[in-house]
Structure formats: C-alpha cells, structure tokens
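Number of protein chains: 2
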Amino acid sequence: MGKVRVGGFAVSLDGYSAGPDQSLENPLGKRGPEIFQWFFHTKTFRAMHGEGETGDSEGLDEKYAFRAMDGFGAFILGRNMFGPIRGDWPDEDWKGWWGDNPPYHAPTFVLTNHPHDPIVMEGGTTFYFVTDGIESALDKARKAAGDLDVKIGGGVSTVRQYLQARLVDEMHLAVGPVLLGRGENLFEGLDLDALGYAVTSMEQSERAMHVVVTKR
Amino acid sequence: MGKVRVGGFAVSLDGYSAGPDQSLENPLGKRGPEIFQWFFHTKTFRAMHGEGETGDSEGLDEKYAFRAMDGFGAFILGRNMFGPIRGDWPDEDWKGWWGDNPPYHAPTFVLTNHPHDPIVMEGGTTFYFVTDGIESALDKARKAAGDLDVKIGGGVSTVRQYLQARLVDEMHLAVGPVLLGRGENLFEGLDLDALGYAVTSMEQSERAMHVVVTKR
Numbered sequence: 001m002g003k004v005r006v007g008g009f010a011v012s013l014d015g016y017s018a019g020p021d022q023s024l025e026n027p028l029g030k031r032g033p034e035i036f037q038w039f040f041h042t043k044t045f046r047a048m049h050g051e052g053e054t055g056d057s058e059g060l061d062e063k064y065a066f067r068a069m070d071g072f073g074a075f076i077l078g079r080n081m082f083g084p085i086r087g088d089w090p091d092e093d094w095k096g097w098w099g100d101n102p103p104y105h106a107p108t109f110v111l112t113n114h115p116h117d118p119i120v121m122e123g124g125t126t127f128y129f130v131t132d133g134i135e136s137a138l139d140k141a142r143k144a145a146g147d148l149d150v151k152i153g154g155g156v157s158t159v160r161q162y163l164q165a166r167l168v169d170e171m172h173l174a175v176g177p178v179l180l181g182r183g184e185n186l187f188e189g190l191d192l193d194a195l196g197y198a199v200t201s202m203e204q205s206e207r208a209m210h211v212v213v214t215k216r
Numbered sequence: 001m002g003k004v005r006v007g008g009f010a011v012s013l014d015g016y017s018a019g020p021d022q023s024l025e026n027p028l029g030k031r032g033p034e035i036f037q038w039f040f041h042t043k044t045f046r047a048m049h050g051e052g053e054t055g056d057s058e059g060l061d062e063k064y065a066f067r068a069m070d071g072f073g074a075f076i077l078g079r080n081m082f083g084p085i086r087g088d089w090p091d092e093d094w095k096g097w098w099g100d101n102p103p104y105h106a107p108t109f110v111l112t113n114h115p116h117d118p119i120v121m122e123g124g125t126t127f128y129f130v131t132d133g134i135e136s137a138l139d140k141a142r143k144a145a146g147d148l149d150v151k152i153g154g155g156v157s158t159v160r161q162y163l164q165a166r167l168v169d170e171m172h173l174a175v176g177p178v179l180l181g182r183g184e185n186l187f188e189g190l191d192l193d194a195l196g197y198a199v200t201s202m203e204q205s206e207r208a209m210h211v212v213v214t215k216r
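Sequence order for the protein chains is A and B.
The opening position of the first sequence corresponds to residue 1 in the working numbering, with each subsequent residue numbered one higher.
The opening position of the second sequence corresponds to residue 1 in the working numbering, with each subsequent residue numbered one higher.
Heads up, a few of these hints could be off.
Each pair may be met inside one copy or between any two copies, as identical chains are not told apart.
Simulated crosslink set (EDC-like; lysine to aspartate or glutamate; CA at most 16 Å straight-line) [as the list claims (entries may be wrong)]:
1) K30 <-> D193
2) K30 <-> D117
3) K30 <-> D191
4) K143 <-> D88
5) K43 <-> E188
6) K143 <-> E25
7) K63 <-> E206
8) K63 <-> D91
9) K3 <-> E135
10) K3 <-> D139
11) K95 <-> E135
12) K30 <-> D132
13) K63 <-> E135
14) K3 <-> D70
15) K215 <-> D169
I should point out that these hints are in silico values taken from the structure, not numbers from a laboratory.
Okay, chain A solo, but in the shape it has when bound (with noise of 0.2 Å):
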C-alpha cells in the first residue's frame, strides 16, 4: 500500500499556508501567491499550467515540485481548494479551478458536507464528492489509488485535519521568507511533536527552506 503524502505545501514564515479572503480572484487567498515563489518557476509548475517547459528544470525547486505531483494514484482535496463556493451547489457549472484538464489525472475526492455528482474532466481527473467525513474519503482515495501513493492535496483546514489524525505518513514544506500576518495557519494548536511527527530532512534553495516532516 502506498504512503498518504502532503507534498509541495507552501507555508510561511509566520506558519500561515493560505492567505485570508480566499475568492474567485485570489484563491490563495490575499498574498497566498507569496509563499509559492519556489514553485511558479519551475518546469512542474509551468508544464501544469500549460506555459510549457520553460521552467527551471534543474535545482531544488523542481526536484521538490516534481515529488510533489509525481507518484500518486489518487487525491484529496478540501471544499475549498476544489472552489469558492460555499454551502449548497447552486448549480453543476463549477468544475474546480483548473479549466477543463486538471492537474491532478487521477481519481480525486472531494470533501463536502453538500452532495454532488462525480465529475468527469479530461486527462482522467474524476472529481468525486465525499460527504462522510476524512476516513471515508482516504479509504476511497487508497482503493483508488492502489499501489501508488495518496495526495492530501489541501487546504490548510484539510491537512490540519489528517494531520490531527495521525493519517498522513509523510509532508513536505516549503517555509519561504514571508510574513503573512493573517490567513489559515498550519500549526496553530497543532502538537506535531505529541502527534509522532518529526523533521526528517531539510534542503535550501534560493526561494525557500524545503523540509521533510515524517510521522516516527
């Protein structure tokens, strides 16, 4: 059975992962593109995004930004990090951020108290919405995934909540040097050292402090 992995989850100075007033426009919320500076320019990000293969293809923000999309056969995400949308689907046109071809080209599970059709989107990505709560979703995610490794995808409320529940086996973060001030913050009130997790690895680049946090 693969690992649950939280990978390429960006976090500031101050330990906040989201700014505040998520929306249409800032779906990091206000200053969330700050704490990514490590990611948009890399070969991964830019291939994902459809600038082609222009980015950065050597260095350690790649090497950390291919891990972070490379080896899973099923994702998890947070209502939030699927839209801004929130309580009752109003209709079926929301189809997540990401156009037509997401990135993830796998089975990914949606947590939503609200129910919704699966959607089918190109390239294999089948949005699924689970409404029983994070250990129904990862039972869904690992049958999904079979051998391959299962991505908590975020948001900050999302992998606080594996977290908190010993579910995730490994994560990796990149701290960059930023202060948020406000928004959704990974730590606050998390004990990750009473929790079993422990600080693994870490490498610097230019842009970020990459750590490797590991449940002992």
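Based on the hints, put chain B in the right spot on chain A.
Leaving out everything else, chain B in the frame of chain A:
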C-alpha cells in the same frame, strides 16, 4: 541614535522560540536547545561560554552569531530571561544564568514587577531592574547605549511586547528544522505584516534559515 534590534533569535519550524517548562535545569525550556543547533558550534558562542575560540569562525551561522552580540551599548531582558525565579525576590543570591562575568558587558535592563537593587557583575555588565514598563526600559537603555544599538535579548514574551509596540527596528531570526509542538510561540496572534514588518533578507546555512525582518 542606534537601532533597536533582536538578534540571534531562534525559532522552530512551528514558531516556538522556547520549549515548555523553563526551569533551572532547562533555561530554554524542554527541547529548547534543539532550535539553537545553528549557534552552539559557532566561535562566538564558544567564546561567550568560555569554551575557547575553537568553534567555526567561518560560515553564515558565525556571521549571524557575531552580529547578534556586536554593536550593542545596552540590553533589555525579560525577567524570565534573567532567571527562573517568579514573584518576589526571595534573596539577593540569584545573579543570572551566566556566572560572574555575563556575556553582555554593558548595562542590561531587566523587566520585572518586583523592585531589586542593581547588580554589578564582572566584565562591564550591570543588571538594572525596571518596574515601570517596556517604554521606560527602552528609554533607559537608549540613554545608556548612546550611539550604539539596543538589543532586546528576549525571552519570547518580551520580544513580542516590543514588536507589538513597533519599537523593534530589526529582528534576525534563525529558523531551525525542528517541531517543538509546545512552548512559547513567537508569532501566535501577532500580525507582523499589519505592524509594518517584512522580511528583507534570507540566507540559509546547513542548520538554519537566517531571516532578517525590518520595520517599514
């Protein structure tokens, strides 16, 4: 007039600058020393602690360790930074963690609610006890420092109070790849962006991410 600086201030990946349960045996709190790995091997640290100048004299860690003790004409310490005693002073015996010749070599102002006569130590350090607040302590320290800088030496609560009051001009943080999980958090509830602080430089050593935060 000199700057008001925080320097050589270690912080864990999850924002803790001291571990829990500070005591005579654990001046930095439990596991606190783990966030100072960047510092203990430096020539500056070893010279301060009478271990001779046999530490690393090259490299980023030494550069920041040296800056963190250089150019100061006065220091301000919280009462817990001065010692483990709480409440009234039981006697005059406690003279700080540092022995007869503390590493400050300048007037050092200790914030406390409990009056105490000054303590003249060897090597130019005199501890003065200030009972009328952080602004008063800074006024006294600035007068004592003349053209030199004033260092807010810690602990966490003292640094947070001076940041909240926007009285810190510059802060060097050394972010260590450690998850403490508990202790005294530097960032929690402190919106440094709204207070006018931003990261102005980042350099990374094998042991820490060295970040300089400056008031706009």
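Results of checking the hints against the structure:
Within a single copy, K30 and D193 get their C-alpha atoms only as close as 30 Å, which misses the 16 Å cut-off; across copies the closest is 12 Å, which meets it. Proximity of K30 and D117 under a CA criterion of 16 Å is satisfied in neither setting, with 31 Å inside one chain copy and 51 Å between copies. Only between protomers do K30 and D191 lie at most 16 Å apart by alpha-carbon distance; the minimum there is 14 Å, versus 27 Å within a single protomer. When the C-alpha separation of K143 and D88 is checked against a cutoff of 16 Å, the pair qualifies neither within a copy, at 28 Å, nor between copies, at 63 Å.
In this assembly of identical chains, K43 and E188 lie within 16 Å of each other by CA distance neither inside one copy nor across copies; the values are 32 Å within and 35 Å between. Within a single copy, K143 and E25 get their C-alpha atoms no closer than 35 Å, and across copies no closer than 50 Å, so neither meets the 16 Å cut-off. Taking identical chains as interchangeable, the C-alpha atoms of K63 and E206 lie at most 16 Å apart only when both belong to the same chain, with a minimum of 13 Å there against 18 Å between chains. Neither within a single protomer nor between protomers do K63 and D91 lie at most 16 Å apart by alpha-carbon distance, with minima of 39 Å and 59 Å respectively.
Taking CA atoms no more than 16 Å apart as the test, K3 paired with E135 passes inside one copy only; the shortest distance there is 15 Å, against 53 Å between copies. For a Cα distance limit of 16 Å, the shortest separation of K3 from D139 inside one copy, 13 Å, qualifies, whereas the shortest one across copies, 56 Å, does not. Proximity of K95 and E135 under a CA criterion of 16 Å is satisfied in neither setting, with 24 Å inside one chain copy and 55 Å between copies. Neither within a single protomer nor between protomers do K30 and D132 lie at most 16 Å apart by alpha-carbon distance, with minima of 31 Å and 40 Å respectively.
Proximity of K63 to E135 under the C-alpha cut-off of 16 Å is found in neither arrangement, the shortest distances being 30 Å within a copy and 48 Å between copies. Proximity of K3 and D70 under a CA criterion of 16 Å is satisfied intra-copy only: 12 Å inside one chain copy versus 48 Å between copies. In this assembly of identical chains, K215 and D169 lie within 16 Å of each other by CA distance solely inside one copy; the values are 5 Å within and 39 Å between copies.
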